[in-house]
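In order, the protein sequence lines correspond to chains A and B.
Each residue of the first sequence is one higher than the last, beginning at 1 in the working numbering.
Each residue of the second sequence is one higher than the last, beginning at 1 in the working numbering.
These are computed hints drawn from the structure, not numbers from a lab.
Quantities reported herein were computed from a predicted structural model and do not represent experimental measurements.
Treat the hints with care, since some could be wrong.
No distinction is drawn between identical chains; accordingly, a pair holds when it is met within one copy or between any pair of copies.
Claimed, not checked - Below, simulated SDA-like cross-link-like pairs (lysine to any residue); rule was C-alpha separation at most 25 Å, straight line: (1) K62 with P185; (2) K87 with P142; (3) K126 with L45; (4) K138 with Q125; (5) K138 with Q10; (6) K138 with E43; (7) K62 with K87; (8) K193 with R44; (9) K87 with F160; (10) K193 with D236; (11) K87 with Y147; (12) K87 with G64; (13) K41 with D31; (14) K36 with P86; (15) K157 with A206; (16) K138 with R204; (17) K41 with R208; (18) K143 with S119; (19) K41 with Y232; (20) K138 with H226; (21) K138 with E123; (22) K41 with K154; (23) K193 with D28; (24) K62 with R164; (25) K138 with E149.
2 protein chains.
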Amino acid sequence: MRYELYYWPQIQGRGEFVRLALEEAGADYVDVARGKGGMAKLERLMQRKSSEPPPFAPPFLKAGNLLIAQTANILSFLGARHGLAPKSEAGRLWVNQLQLTIADLVVEAHDTHHPIAASLYYEDQKAEAARAAQCFIKERLPKFLGYFEHVLAKNGKSGFLAGRALSYADLSLFQVVDGLRYAFPRAMMTEEKNLPRTIALHDRVAARPRISAYLSSGHRIPFNQHGIFRHYEELDA
Amino acid sequence: MRYELYYWPQIQGRGEFVRLALEEAGADYVDVARGKGGMAKLERLMQRKSSEPPPFAPPFLKAGNLLIAQTANILSFLGARHGLAPKSEAGRLWVNQLQLTIADLVVEAHDTHHPIAASLYYEDQKAEAARAAQCFIKERLPKFLGYFEHVLAKNGKSGFLAGRALSYADLSLFQVVDGLRYAFPRAMMTEEKNLPRTIALHDRVAARPRISAYLSSGHRIPFNQHGIFRHYEELDA
């Protein structure tokens with residue numbers, strides 16, 4: 001069965017967490033909106049006439065008869081199917097918990113450049129963004145990343161967030177580190193000194209054969225100023 | 001087995017979504033931080049020395065040997081154990097998807113009064129909050145609630161969000177309507193005209209024997225100016 005991923009074709013965004021899981025799994029999938037006529041297909045599924053349960057927003061994944069939305073929900077589905085999550089109930093809950101904490105961090109990282117409303121231009125909320133980014137860098141970034149560093153330390157020598165094997169939460173933490181480096185290179189340069197395990201995990205994920213092939217394939221959309229992680233020099237103070 | 005819920009004792013907050021599920025299930029539970037010495041117990045579990053997988057933030061639920069954090073994660077666990085979610089994989093994914101969309105709405109509702117940083121006082125971000133609330137009321141509130149109204153319409157005569165039985169997503173939608181009415185009474189007065197099914201579901205949840213008993217028991221913490229949903233007259237424009 002070929003999965004169909006539906007996500008905005010111009011950005012990594014939340015879709016990238018799903019792409020990384022599909023790539024690591026070696027799954028057969030098509031990134032629908034990036035193909036010919038793909039945006040029309042995405043928009044059709046967003047329309048409420050569809051008989052599927054309607055998703056609120058992309059990304060969503062078509063897997064046979066299932067249409068699954070919400071990043072953490074898609075990942076919990078893929079994790080179970082492709083060995084990217086523990087099999088035990090306790091393990092599955094733990095990885096989902098980690099993913100939802102990553103999702104919280106992702107919202108806050110996004111809101112540094114759009115603290116007032118996602119529908120307004122950055123230029124219309126620049127002053128507010130500067131204040132928000134300052135608080136994020138000073139308080140939230142160290143708190144979130146320090147938490148994952150601690151989780152890695154507690155999990156001992158495996159080097160993964162959960163148990164002894166790679167899970168989708170590890171892939172997502174890789175993506176967050178990559179995104180934060182793009183958005184806040186100066187802040188991350190300082191922060192990474194406190195994150196040896198997180199950075200080691202990032203590098204280990206990047207070196208996995210399928211992920212490494214994906215990263216160097218040209219298929220990965222580069223970070224840019226339309227996604228979750230955006231680089232504004234003035235916000236990286 | 002008695003569940004132990006850990007959450008801030010002064011507010012409904014995210015803990016209330018868990019409390020409603022526990023109440024509807026008729027589960028045996030203790031709201032630890034509201035008991036004698038409870039805050040010390042909550043803080044102990046937050047400390048990183050603990051041998052449990054450390055939660056990033058409350059709420060978390062102790063269920064035997066499991067320590068589960070993240071609201072949607074706790075609810076998916078309780079939903080499966082207490083018949084508050086469908087048994088099929090498709091049904092479980094759908095209810096989790098709805099819950100995660102509710103969680104997104106909850107973040108945005110909170111951020112209307114704290115758009116810059118949760119660590120700053122409202123008074124230090126009043127002007128920004130006014131702009132954020134205006135966008136929220138005009139764009140986001142109708143979009144989110146209109147989505148759930150549509151889901152209810154598509155699900156036909158059952159009156160529930162998913163399938164033919166009550167799920168934890170229905171309880172959560174009840175809570176969101178209640179919270180939004182507290183925070184934005186004027187905006188909701190207008191909005192509710194477009195939400196007959198959502199309001200009917202709200203009322204039906206409120207009338208369920210266990211929920212109704214809980215709401216009138218005095219155990220439910222009243223909405224106040226410290227939680228997710230806060231009422232500032234100037235934001236309800």
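Right, here's what the structure says about each hint:
In the homo-oligomer, the alpha carbons of K62 and P185 never lie at most 25 Å apart, since the shortest distance is 36 Å inside one protomer and 39 Å across protomers. Taking the closest pair of Cα atoms, K87 and P142 never come within 25 Å of each other, the shortest separation being 31 Å inside a single copy and 40 Å across copies. In this assembly of identical chains, K126 and L45 lie within 25 Å of each other by CA distance neither inside one copy nor across copies; the values are 34 Å within and 39 Å between. For the identical chains of this complex, K138 and Q125 are neighbours both inside a copy (20 Å) and across copies (18 Å), given an alpha-carbon limit of 25 Å.
Proximity of K138 and Q10 under a CA criterion of 25 Å is satisfied in neither setting, with 30 Å inside one chain copy and 27 Å between copies. For the homomeric pair K138 and E43, the shortest alpha-carbon distance between copies (23 Å) is at most 25 Å, but the shortest distance inside one copy (39 Å) is not. In this homomeric assembly, K62 and K87 come within 25 Å of each other (Cα to Cα) both inside a single copy, at 23 Å, and across copies, at 20 Å. In this homomeric assembly, K193 and R44 never come within 25 Å of each other (Cα to Cα): the closest approach is 47 Å inside a single copy and 28 Å across copies.
For the homomeric pair K87 and F160, the shortest alpha-carbon distance inside one copy (16 Å) is at most 25 Å, but the shortest distance between copies (31 Å) is not. For the identical chains of this complex, K193 and D236 are intra-copy neighbours only, at 17 Å inside a copy versus 45 Å across copies, given an alpha-carbon limit of 25 Å. Taking the shortest Cα distances, K87 and Y147 sit within 25 Å of each other inside one copy (24 Å), while across copies they are farther apart (34 Å). Proximity of K87 to G64 under the C-alpha cut-off of 25 Å is found in both arrangements, the shortest distances being 22 Å within a copy and 19 Å between copies.
In this assembly of identical chains, K41 and D31 lie within 25 Å of each other by CA distance solely inside one copy; the values are 11 Å within and 48 Å between copies. Neither within a single protomer nor between protomers do K36 and P86 lie at most 25 Å apart by alpha-carbon distance, with minima of 37 Å and 37 Å respectively. With identical chains, the CA atoms of K157 and A206 are at most 25 Å apart within one copy only, with a shortest distance of 19 Å there and 50 Å across copies. For the identical chains of this complex, K138 and R204 are neighbours neither inside a copy (27 Å) nor across copies (45 Å), given an alpha-carbon limit of 25 Å.
Taking CA atoms no more than 25 Å apart as the test, K41 paired with R208 passes in neither setting, with 32 Å inside one copy and 42 Å between copies. Taking identical chains as interchangeable, the C-alpha atoms of K143 and S119 lie at most 25 Å apart only when they sit on different chains, with a minimum of 13 Å there against 28 Å within one chain. With identical chains, the CA atoms of K41 and Y232 are never at most 25 Å apart, being 33 Å at best within one copy and 42 Å at best between copies. Both within a single protomer and between protomers do K138 and H226 lie at most 25 Å apart by alpha-carbon distance, with minima of 24 Å and 23 Å respectively.
In the homo-oligomer, the alpha carbons of K138 and E123 lie at most 25 Å apart both inside one protomer (23 Å) and across protomers (20 Å), since each shortest distance falls under that limit. In this assembly of identical chains, the alpha carbons of K41 and K154 lie at most 25 Å apart only when taken from different copies (21 Å versus 45 Å within one copy). For a Cα distance limit of 25 Å, the shortest separation of K193 from D28 qualifies neither inside one copy, at 38 Å, nor across copies, at 46 Å. In this assembly of identical chains, the alpha carbons of K62 and R164 lie at most 25 Å apart only when taken from different copies (24 Å versus 30 Å within one copy).
For a Cα distance limit of 25 Å, the shortest separation of K138 from E149 inside one copy, 17 Å, qualifies, whereas the shortest one across copies, 40 Å, does not.
Of the numbered hints given earlier, the model fails hints 1, 2, 3, 5, 8, 14, 16, 17, 19, 23; all others are met.
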